[in-house]
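Q: Chain by chain, the residues:
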Amino acid sequence: MTAPTAEALPDGQGARGAAERRRRTPGAGFFGPQRRSLWFWIFVGPFALGLALFTYVPLAWSVYLSFFDAHNTVTPTDFVGLGNYTSMLTDGAFLSSLGTFALFTLFIVPATYALSLALAVMVNRLRVAQAFFRSVFFLPTACSYVVAALIWKLSLFSGVRFGLANTVLGWFGADQTAWLSTTHPPWYWLVIVTVRLWLQAGFYMILFLAGLQRISPQLYEAAAVDGARPGWQTFRHITFPQLRATSVAVVLLLVINAFQAFDEFYNLLSDARGYPPYARPPLVYLYYTALGREQNLGLGSAGAVILALIIAVATVVQARWLGLGRKED
Amino acid sequence: MHHAWIRVGRALRAALLCALALLFLVPFYLLVRNGLATEADITAPDWTFFPRHVQWSNLTEVFTDPSLPLGHALLNSTLIALSTTLGTVLLASLAGYGLARIPYRGAGVVFSAILGTLMVPAAVTFVPSFVLVSSLGWISTLRGLVIPTLFSAFACFIFRQYFLGFPRELEDAARVDGLGYWRTYWRIVVPNSRPVFAAVSTIVFIGAWNAFLWPLVIGQDQEAWTVQVALSTFTTAQNLNLHELFVAAAVSIAPLVVVFLLLQRYIVAGVERSGIDD
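These protein sequences, in sequence, are chains V and L.
Per numbering that gives the first Met the number 0, the very first residue in the first sequence carries number 0; after that it's consecutive.
Per numbering that gives the first Met the number 0, the very first residue in the second sequence carries number 0; after that it's consecutive.
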């Protein structure tokens, strides 16, 4: 038995299994429980096959396509070598989509992290109505990016007079702002970042709440005995370090999800005239390159391969850097 | 003195929480306010907190407007979300059980290959997946919208973690009674694992209902639009009355909000169980 499966089998299973086998062999048919590899594949096979077909095969095909000139075709014949890669990496629009992602991450990751942690800490210490507040902050998770973008675009941050933000600012005498089409200053970032913040803060709050509940109360008692004041001091020296594992997971998930941002950008910014030239994250760029009018699948595939590599490398580096799996001390 | 400060702090914290809770509810309020208002009320220059005329007929208008195929889109979304949930849970739970409980030499390799796909998020592979699905001729079909999304490494991982902790005595008893892996799974394991099935089902259902990029790419014909694609088309084209758009959006999230509030404890348990943070 190899190491990975051994962890699934606590003490003595091997010996017990052998005894069972001896007892059962007579009379057990082709589908008897002793045919373990057969049963393993009956259970795992359909899932593994599907996953291979719809993840690994497309990836491999994509790598293949990326070396061809594939306009409007998935069985190209015009081999172009690394041509798609070089034109992708020298394409200003592609590079600026990576810049857009970097900027977006810079806004959304710290904002979501701070808000969800603050919500968790406050909700966790409530003695009354805890379930109510948890539900309110968690509820946006049920809402889709499409619906949220609709509310933000057509009501909350609508550029016209009856938009809520413009109405509220109007009470203080401010002028109307066209939130989504103003590029100097880039107000559209405020709209984009707040949509995602609202939608996902509650989800990460739940992760932090689970982390908070795992902290031993004895630590807080010991800190109180040592004279640590409740509030900031306790948070800094007990709560925050104890949440290390949760924090690492939250930051990783936030970055990966920011990298995949598409829904809110597409629904907030594109209109009857198309998508504006600014604020195009990688997936929006890819969407228009591969599936737009040109259907340049070779170029799009090269882009997908580059993005897949970036995210794989970033995940590994980030996990190392943040010390995923390192024992807490 | 010290005590008084703690009390002030607590009151401030409560006030801050209430303010944040109100802010979090504003978008839902806007959805209902605009959804039940007349077009004139929505676009009126001076803001009213509640529509001057509550127009319940918006709810029927939105289903009869021929330019907005809301009924059909809701039907598509329901079919897609239900079949995705059923298929995902069936496939992922079987695989999770096999990985957790059936000793097999290659299990470690298979499990790593499954986890590896988590590193390559589905959204990054949407171009190659689109290529595959279109060469199968599945564009704008239910098959194309559902089947490629059925294989969730995330769901498989949750089931495996759960089954690793399933009480072995129950399975041993079944074994003694002469049940093989298959019948042990269906008669003993599944009936005793309802919470994890509820958790994964709810999370998958919400994800499938709210999915956008894949239905946008695959469901190109209006016949195959999900409710998200239909709403998005009108949000970005801006050729529909605002009150219709808002009431349609409200209708699209109403069933989800109900499911969410009823099954919240399972979702919370599922999110916590995802074990990613351990």
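Don't take every hint at face value.
To be verified - Covered by chain V, according to a simulated footprint, are these stretches of chain L (three or more residues, beta-carbon under 8 angstroms):
1. 5-12
2. 46-60
3. 110-118
4. 134-145
5. 189-201
6. 206-212
Hints in this document: simulated from the structure, not taken from any laboratory.
All residues carry an ideal CB built from backbone N, CA and C; glycine is no exception.
Q: Against each hint, give a clear statement of whether it holds in the structure.
A: How the hints compare with the structure:
1. 5-12: holds (count 3)
2. 46-60: violated (count 1)
3. 110-118: Satisfied; 6 residues make the cut.
4. 134-145: violated (count 1)
5. 189-201: Violated - the region 189-201 of chain L has 0 residues with a Cβ nearer than 8 angstroms to chain V, which falls short of three.
6. 206-212: n = 4 at 8 angstroms, threshold three: holds.
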